[in-house]
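> All residue numbers for the sequence shown refer to full-length UniProt numbering, where the first residue is 1 and numbers rise by one.
These are computed hints drawn from the structure, not numbers from a lab. If you're wondering where the values come from, they're calculated on a predicted model, not measured in any experiment. Treat the hints with care, since some could be wrong.
[Stated by the list, open to error] Label-pair ranges, simulated between beta-carbon atoms:
1) M6 with V50: 14 to 22 Å
2) N47 with S24: 15 to 23 Å
3) G46 with G68: 15 to 23 Å
4) G68 with R40: 13 to 21 Å
5) N56 with F27: 37 to 45 Å
6) Q57 with K7: 30 to 38 Å
7) E64 with L42: 21 to 29 Å
8) F73 with A20: 30 to 38 Å
9) G45 with G68: 31 to 39 Å
10) G41 with A75: 19 to 27 Å
11) F27 with M71: 31 to 39 Å
12) G8 with Q57: 16 to 24 Å
13) G8 with P28: 19 to 27 Å
14) L42 with G8: 29 to 37 Å
Every residue gets a Cβ at the ideal spot worked out from N, C-alpha and C, and that includes glycine.
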Amino acid sequence: MLESLMKGAEFWTLNTDVQAMKVSLVFPENCVQIGQQLDRGLGAGGNPVVGMNAANQSKAAIEEAVHGADMVFVAVCLSS
């Protein structure tokens, strides 16, 4: 979807894993690490509770990323 260059669309990456964000095709300024205090950037290890806690911890950053959006699509990966 990112390669299609959808007109007017913004793409963001929110991830607990810093290494995964480094290979993201999303512009670096649109990458947000969540849960830094929980896993120190090492990822959630596929544990949905860790992911949920990371999202809760980073609620303000997530709200800022989606602020003003007319529509938001969320794609989730639950793997280690």
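> Quick check: does the Cβ-Cβ distance between F27 and M71 fall within 31 to 39 Å?
violated (19 Å)
> Do the Cβ positions of Q57 and K7 conform to the proposed distance bound of 30 to 38 Å?
Distance hint for Q57, K7 holds at roughly 34 Å.
> Mind checking the hinted window 14 to 22 Å against the Cβ distance between M6 and V50?
violated (31 Å)
> Could you tell me whether the CB distance from N47 to S24 stays inside 15 to 23 Å?
At 21 Å between Cβs, range holds.
> Between F73 and A20, does the C-beta distance stay in 30 to 38 Å?
Distance hint for F73, A20 is violated at roughly 19 Å.
> Does the beta carbon distance between G68 and R40 stay inside 13 to 21 Å, or does it fall outside?
violated (31 Å)
> Does the Cβ-Cβ separation between N56 and F27 fall within 37 to 45 Å?
Violated, since N56 and F27 (Cβ atoms, about 26 Å apart) do not stay within the stated range.
> Given the range 21 to 29 Å, decide if the beta-carbon distance of E64 to L42 lies inside it.
At 24 Å between Cβs, range holds.
> Using the Cβ atoms, figure out if G8 sits within 16 to 24 Å of Q57.
violated (31 Å)
> If I claimed the Cβ atoms of G8 and P28 lie 19 to 27 Å apart, would that claim hold in this structure?
holds (21 Å)
> Is it true that G45 and G68 lie within 31 to 39 Å of each other by Cβ?
About 33 Å separates the Cβ atoms of G45 and G68, which means 31 to 39 Å holds.
> Do G46 and G68 keep their Cβ atoms within the hinted range of 15 to 23 Å?
Hint violated: Cβ distance 32 Å, outside 15 to 23 Å.
Comparing the model with each numbered hint stated earlier shows that hints 1, 3, 4, 5, 8, 11, 12 do not hold.
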